[in-house]
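Novice: Sequence:
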Amino acid sequence: MSFFSVFFGGSAGKYSNQEKIINEQEIHRLFNSIHLPNVSENEENTVEKAVLLARHSDGKISLRKIFETLRYLEKSKKISKNDRIKLMKVFENYFSQHFS
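Heads up: the sequence shown is residues 1 to 100, going by UniProt numbering.
Quick caveat, the hints were computed from the structure, so don't treat them as lab data. Computed from a predicted model, the values in this text were never measured in an experiment. Some hints could be false.
Derived DMTMM-like pairs: lysine to aspartate or glutamate, alpha-carbon spacing no greater than 25 Å straight-line [as the list claims (entries may be wrong)]:
| id | residue 1 | residue 2 |
| --- | --- | --- |
| 1 | Lys-60 | Glu-26 |
| 2 | Lys-78 | Glu-92 |
| 3 | Lys-49 | Glu-74 |
| 4 | Lys-86 | Glu-19 |
| 5 | Lys-86 | Glu-48 |
| 6 | Lys-78 | Glu-43 |
| 7 | Lys-77 | Asp-58 |
Here are the simulated distance ranges between beta carbons [stated by the list, open to error]:
| id | residue 1 | residue 2 | range |
| --- | --- | --- | --- |
| 8 | Lys-77 | Gln-97 | 17 to 23 Å |
| 9 | Phe-99 | Ser-40 | 16 to 22 Å |
| 10 | Ser-16 | Ser-40 | 18 to 24 Å |
| 11 | Lys-77 | Ser-57 | 27 to 33 Å |
| 12 | Asn-42 | Lys-89 | 31 to 37 Å |
| 13 | Asn-93 | Lys-60 | 16 to 22 Å |
| 14 | Ala-54 | Ser-100 | 17 to 23 Å |
| 15 | Ser-96 | Ala-54 | 16 to 22 Å |
| 16 | Ser-80 | Ser-100 | 26 to 32 Å |
C-beta atoms are modelled at their ideal positions from N, C-alpha and C, and glycine is treated no differently.
With the sequences and hints as input, model every part of the structure.
Specialist: Listed below in structure tokens is the structure:
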């Protein structure tokens, strides 16, 4: 069992490690497309920035890295489990529509 499996729970393994390029504007658009009722605008900006910072310098990120980032924010009480699930669905849909 890897460190991430222990820290983030076993769910990370269901997400692909294959990295895809997502530019900053697209991530911003994705965050603007959803409403997280329990997250303030300031907290939402923090979550968006965390996802942006999780990308490599070439703009690549994997679904697994997004999950791990959101899971960390959940454990840090920045977002709820429901918020993480909602955000992951948005990113899963984006990846399936643009990279399949």
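Novice: Hint by hint, say whether it matches the structure.
Specialist: Taking the hints in turn, this is what the structure says about them:
1. Our distance criterion of 25 Å between C-alpha atoms is met by Lys-60 and Glu-26, whose separation comes to about 12 Å.
2. A distance of roughly 21 Å separates the Cα atoms of Lys-78 and Glu-92; the hinted pair therefore holds under the 25 Å criterion.
3. A C-alpha spacing of about 15 Å is found between Lys-49 and Glu-74, which places the hinted pair at or below 25 Å, so the restraint holds.
4. Note on Lys-86 and Glu-19: the hinted pairing holds, with a Cα-Cα distance of about 21 Å set against a maximum of 25 Å.
5. Annotation: proposed proximity of Lys-86 to Glu-48 holds, straight-line Cα distance about 14 Å (limit 25 Å).
6. Under the criterion of a C-alpha separation no larger than 25 Å, the hint pairing Lys-78 with Glu-43 is consistent with the structure, at around 7 Å.
7. At most 25 Å may separate the alpha-carbon atoms for a hinted pair to count; Lys-77 and Asp-58 exceed this at roughly 29 Å.
8. Range check, Lys-77 to Gln-97: Cβ separation about 31 Å, and the 17 to 23 Å hint is violated.
9. Roughly 31 Å separates the CB atoms of Phe-99 and Ser-40, a value that falls outside the hinted 16 to 22 Å.
10. For Ser-16 and Ser-40, the Cβ-Cβ distance of about 31 Å falls outside the hinted range of 18 to 24 Å, so the restraint is violated.
11. Between Lys-77 and Ser-57 the Cβ separation comes to about 29 Å, which falls inside the hinted range of 27 to 33 Å.
12. Between Asn-42 and Lys-89, the C-beta spacing of about 23 Å breaks the proposed range 31 to 37 Å.
13. A hinted range of 16 to 22 Å holds for the C-beta pair Asn-93 and Lys-60, which are about 19 Å apart.
14. Checking the proposed 17 to 23 Å range against Ala-54 and Ser-100 shows it holds: the Cβ atoms sit about 22 Å from each other.
15. The supplied range of 16 to 22 Å is met by Ser-96 and Ala-54, whose beta-carbon atoms lie about 20 Å from each other.
16. Here the CB-CB span from Ser-80 to Ser-100 is close to 29 Å, well matched to the stated 26 to 32 Å.
The structure fails to meet hints 7, 8, 9, 10, 12 from the earlier list, while all remaining hints are met.
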